[in-house]
Amino acid sequence: MTQTLLESSARVQTAVMTADVVIGVPTYNNADTVVHALQAVEAACGDFAGNAAFAIVHADGASSDGTVERTAEISATAAPTTRVAYPIDAVDRMSGPYRGVPAKGNAVRAVFESARQLGAKACAIVDVEVEHFVPGWLDALVRPVLAHDRDFVAPYYARHKFGGAINNGVAYPLTRALYGKRVRYPMGGDFACSMRLIDRCMGERAWDTDVVKSTVDLWLTTRALSDGARVAQAMLGVKHQAWKGPGGDAAEPLAKTLAALFDGAERWQTVWQKVRGSEPIQTFGSVDAADDAPVMVSVRRGIESFRLAQRNLDEIWKLVLPPRTLLELKKLASLAEPAFRVPDDVWARIVYDFTLAYHQRLLSREHVLSAFAPLFAAWVSSFVAELHDATLAESEERLDRMCLRFESEKPYLISRWRWPDRFSP
Amino acid sequence: MWDQVNDALRQSASRLLTGFASVLPGVVAMIVAVLIAALFGWVIRVLLLRMLRGVRFDERMEHLGFGMVAEMSPGRSPALLVARVVFWLILLLGLLVGLAAIDPTRTATLLGTVLAYLPNVAVAILLLGIGAVVARFLGRSVLIGAVNLQIQSAKLLSVGVKWMVMVLATAMALTHLSIGGTVLTLAFGILFGGIVLALSLAVGLGSKDMVRKSLERQAARRDEPVETPFQHL
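Those protein sequences? They're chains V and L, same order as listed.
Counting in this note's numbering, the first sequence tops out at residue 425, every number present.
Counting in this note's numbering, the second sequence tops out at residue 233, every number present.
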């Protein structure tokens, strides 16, 4: 069990007895951004157009860079701030730059525990690395829970058309096809939950698993979707994911995301096998923000990486992918850069085949997850090359077409999931 | 004189015939035992082969990464290999039963020696099995990791790691079987040491320019803006 340590600072000790809304800000070595984030949250609480008592819970994983000390600079006016410590072990501290906060699951759990103790009606988690929120973001995030009886509010960001590649290429289409709801950012770091959902989640054993510790946002989204919870999304503005480490190796964050998605598919297999198609969910807040920051994407590197894998990983891929897909990949590797395109049906089947390989343990799960990286690089290269001159609306429309393909290919996944020995494409 | 010769010949023939008559039932029993074992082995072989093919043993072995077993099997079928091994084991058992009918004392001694050696064989097979599994896992890990790091000679690295582990496992198994003795340990030490020395020399002397350039490139890259293949999440 996680030990939650409520350490109310002296200036807010008497104020933090109860709250309608608890806003959690998990941190770990975020001395550079914590003040900005807490001030933004504080200001948003003051601007909230409604009658609700807020409490900010700053959950820190024993930062060593002065993160906690920096928070003393903030003067609380609109919402009292409470600090809780969440456990984070040595392995989590060493984990790669998937998100700003390692073992975020522990932090979220500690915040949820605090929200229960404070008798809150809603609880929101805010990413400490957020650079800019649109006005009224807190209203959009929390009001659906307080006033519209929603259980889970996922974020909706204004991002560059090539930003959020893992989300666009895998997390969004797969979540949408599996659970039938169009949650555009199922793995966004900012979200809000009703206490009803929190109460249901807190009893789960899954909190102690690595998947939930590292990808709690995705786990909560799929948990809510599979549970029939009322889900909405809120426009929060522009978000850039800051890299914590050098280089742009996406293999580790990709593996963690895939593990969370595949683990969810296994856990809630009885739910998603009954779902066909998808339906939109209500979006709260203004959606007119735009991300103009340039995104550096190397199509050439992605294609080279795929070609190298195609030459070398045949013995691994042939355990996961059917011969037809392997043939498609062979053809793809021989295409010149301008003509390099991964067809939607091939991509959808590749994602499904890896979901199946993870489920059926056709080879070590670690190998399944890491052998996917070059294929993902191929998809990103294809997507970027195809939409280089497209507008944001055109790229969204293209993504929607791909998601529809995921939905139409879903019977393939169901057939192979149910009858793995009988089905041989 | 001729009477004595005649007696000697008669006694000799009588001894021979008596001896032969005393062994004959044992020989017949051995032939019968071998024939029964062969028949029983054949039936078991057919049934086992049918069962293994029914559960798609060959494909499963391939899926589990034991493709090497298929390479060594007759007709590239591990199921056939298992069926044949079981058949010959049953035949061997029949032969031992038959030999026991001729000379129980010697057969018991032989059987005792074979049985005393069997645990060593079992441990050696276990060592080889574990070695094969570890070699396959490490080989795949190195292959995928190297490809993700965009190392061109990923396959070579993977095969190298796989064979290093297999050679180590084989050496351990042979040592356990007391085959080769110190010669094997020496040969293994020389082989391993030789590989490490060759690599050290290759990097230290032959490829020093390449290593220097590579390190310089790495150092220069740290100062360059990072070209991310894509902005994720």
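Some hints could be false.
Unchecked claim - Listed below are the simulated DSSO-like cross-link pairs for lysine-lysine, each with C-alpha atoms no more than 30 Å apart in a straight line:
id	chain 1	residue 1	chain 2	residue 2
1	V	331	V	318
2	V	330	L	208
3	L	155	L	208
4	L	213	L	155
5	V	318	L	213
6	V	331	L	155
7	V	121	V	181
Said to hold, decoys possible - Going by beta-carbon spacing under 8 Å, a handful of chain V positions derived as facing chain L:
id	residue
8	33
9	36
10	39
11	40
12	251
13	308
14	312
15	313
16	371
17	408
Simulated from the structure, these hints should not be mistaken for lab results.
Virtual Cβ for every residue (Gly too), placed ideally from N, Cα, C.
Tell me the numbers of any earlier hints that the structure contravenes, in ascending order.
Numbers 2, 5, 8, 9, 10, 11 and 17 - these are the hints that the structure violates, sorted from lowest upward.
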